[in-house]
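S.K.: Residues per chain, in single letters:
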Amino acid sequence: MPEIRLEGIRVRYGSNVVLRDVSFTVPHGSLCVITGPSGCGKTTVLRVIAGLTRPERGMVYLDGQPALHISPGERDVAMCFQTFALYPHMTVRENWMFPLYAEKLSPQEMAKRIEEVTRLLHMEFLLDRYPGQLSGGQQQRVALGRALVRRPKIYLLDEPLGNLDAKLRVEMRAEIRKIQETLGITTVYVTHDQTEAQAVADTMVVMDFGEVKQVGTPEEVYERPANLFVAGFIGTPRMNFFSLEVQEEGDQVFLVSQVFSLPVGPGWASSLRSWGKGKVILGVRPENVLLFPYPEDHTFPATLEVIEPQSNEYIFTLAAGEVSLKARVRRNTLSFTPSPGQRVWVRFEEAFWHLFDPESEKRLEGRG
Amino acid sequence: MATLVLEKLNLWYGRHTHAVRDVDLVVEDGELCVFLGPSGCGKTSTLRMIAGFVKPTSGKIYLDGEVINDLYPGDRNVAMIFQSYALYPHLTVREQLAFPLKAKRTPRQEIAQRVEEIAHFLHLEDFLDRYPQELSAGQRQRVAIGRALIRKPKLFLMDEPLSQLDARLRVEMRASLRKLQQELRITTIYVTHDQTEAQGLADKIMVMHQGRVQQVGKPIEIYENPANLFVAGFVGMPAMNFLRGVFLRGEGVEFRGNGMRIPLSSGLGERVAPLEGREVILGVRPEHLMLARGREENVIRGEVYVVEPQSNEYIVDVKFGGEIVKVRLEKREFASPPRPGEVIEVTFEDRYLYLFDPVTEKRLL
Amino acid sequence: MREETKFLIRRAVFLAVALGITLAFMFPLVWVILASLKTRLEIFVLPPKWIFLPTLQNYRDILSSDFMYQLRNSLLVAAISTGVSLVFGSLTAYGFSRYPVRGSDNILFWILSLRMLPPIAVVIPFYLLFRSLGLLDTTLALVLVYCIFNISFSIWVLKGFFDEIPVELEEAAKLDGYSPAQVFFRVSLPLVRPGLATTAIFCLIQSLNEFLVALTLTTRKAVTAPVGLAKLQTFLGTDWGRISAAAVIFMIPVVVFTIFVRNELIRGMSFGRMR
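Residue numbers (the numbering used here), protein chains in the order written: chain A, 1 to 368; chain B, 1 to 365; chain C, 1 to 275.
Since the hints were derived computationally from the structure, they do not count as laboratory data. Please note: incorrect hints may appear among the correct ones.
[As the list claims (entries may be wrong)] DSS-like mimics (lysine-lysine), calculated; alpha carbons at most 27 Å apart, straight line:
1) A:K362 x B:K331
2) B:K152 x B:K55
3) B:K104 x A:K178
4) A:K178 x B:K319
If we strip away everything but chain A, and leave its shape as in the complex, we get (with noise of 0.2 Å):
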């Protein structure tokens, strides 16, 4: 199972710079998953790795050899579409058998592989079927059969669960997941979707407007995203930004908006002094957000606007003056019940502290 290496990629439609130096690392039998917002780009280095689209510049590696010459047929890689694209016209069996023609199989060899293939998928009985009389995650899975009984060498799937209903797009993904655990195949997934990307990636690859803006796992980039759009591409909902103003008043820091002033702790006050930054943002997601019904020590007032319950918690959507902002709290730990228009009163805790340079847009490290 290879490894794919791309350096300094870059792809160009006509005017557009479609890739601009694009450089990842996916190890080999890893799943790297290929996130961002539609048209940043992560298709196009799908068709790059694929060999389907040829960078104007920067190299493709497969198992640390040159592979830009290598044409797509002999780089030996599956792909998987959103649309499916089954041939209507045969039978989930025959929709297998038909790549393997391509590769003069003895017979014996062709049955051995649908076989593997059918008891990965659980699809015992409907190898007879059309896929007109399959369900979308039975389709899905004759997709991802099809590609898979070629036994490639590198797996690239793009938004294979885009078309599905959203309960079952939970449900595949971690199919998915298992499928690609058990095989060890080199694959790279692209979704737009970073929940999905969060739960099924070793790695993960954030990408906007043809720039990589962090390689990461999902924990490394969910808990230190490297910049402002990392930060608030991942996770749902979106990370609260508040720009600030540092101040200092004696001994004391702190982070001060037209709405509310934060004092900030000893750990964040000395890296905001080493810094000697005017202004920050501060980044703090919804899920690290505090309620309380009664103003407590550090905390600001706010409005309850929206309260939209999700399973066993709320998300609700507050108004501090001209600030909004939004919070996920698990009912059970809710210390009252919210009704819209209601007061409370607000505190992030440093511990969940992100702060950002505004110029740069980057992560600044420090101790909260």
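Using the hints provided, position chains B and C relative to the given structure of chain A.
M.R.: Below, chains B and C alone, put in the same frame as chain A:
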């Protein structure tokens, strides 16, 4: 006052497809009611009957006490946002907004005034002379909303309005839609297959499956007190775990099924005593399972099969016996991330156990 | 770099071949235009003269001849039959698109079959029919016959365009309060403008070029341009210079019309992108 009442509504397509069966519903003035269900459950057909594009085979639709079954769509004073927004490609935004008013021969000055008002309200002033193709998905949605609202309708219908947006925009627009609806206090019907959307937006949810109403209630009610297997499995993400098995009395009461067993607490054991020996389906939500940490009752002991990080949690698939159970656990409960193959024990509180009859699928406990 | 050069060479060869084929197709057109500017002698000189002193005598002759009257007939017949078929065609196509009934497919196919009618099979029956109606040598007769082909063509093409328009747009308009007729005129029709333009161009071209029926049904008063062109080949000999000039003049209306509607066709593409 705009109350909507559906009375024994039925819709047949041809002779073989019973798309909507005996639907009864009351939506109060100003309420946002969500029709929730998988594709093909009849929710969109019901919506289209309310709009007037399809005639019910039997049953009545009342809007404000009047039967509207035979009214032409344009005469019902109902506005709709289509899944694709259905903006007229050959009209500018200004013309789109004015279009509905021209049908009623509103005087030109009034049209101009109302267009300005709505444009201001929805922040569309900068786009008034653009065509729909030049707008982003979010902007198009606002134009669709504007076109619907400018008529000051009695009833607002929305057919999966957020499905065209990407995941992140969907979450943001949800809260703004809710806020808008609350401010305007317009009776609204919202159709979706996404239960996250439904829970977040609704005053009341009508869950549908195969043409029938499964349950009607507030989001929290539907979540905490599902009436049957379908509702329990449809609302909540990830879905509720279902285990087929039997209650047997050994030392205490146990739940035994496909190669697995769950020893139950004494309290629970008493409650399920009348069901002993009978095959039932046990349900427990992933978010209600927690690490056992030595506890012996209501314990599921198995091995980690798949780990999916999600924000500040892990969704862990636990394999035990021939079953797999999904568990939602906070990341901070683990010193190091769980790995496939590790042994894990999870438990749940008595009150979070649900039981269903395998045949009728109704809720037993 | 070897790959790069091979790639470029392949590209160059491809372009050269494509250019060659294009020139081959364009050749007759270029020849006719040149011929119209030459004298009788210059046209037949071998090797052909590419550089010569152009003369406008051919054009002067044609412009003062019967041909202009025949051209007018052609344009009249083409315009009327195209107009009529657009009106009937769009209404019928809309009906088939939005209100299909059992057997719609069969009826549509029958309509298409009319388009496939080989003129030579019907020319004689038509002659007898129009003679008994006293309509020989009238523009009306030609219009009626051309409508048969044009209407069936319009229905087929426009139905395809109407099918492309999402029903939701019309539903939204109905909900807004417009009656079905208003919906047709204010929403559906504007959105099939590219279809109307395409149909119009094809119908016009077909009608203008039609020869056999026009030859049979006309003698003097209603003669159309193609027939007129043929008549320029007299028993006294053929003045190729004049025929070429007539041909060039004949081409002008169609080219002008296409230029006018080309924006419609292009705009139609971008409307279609909206999903």
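S.K.: Taking the numbered hints from earlier one at a time, note which ones the structure violates and give those numbers from smallest to largest.
M.R.: Going through the list in order, the structure violates hint 3 alone and respects the others.
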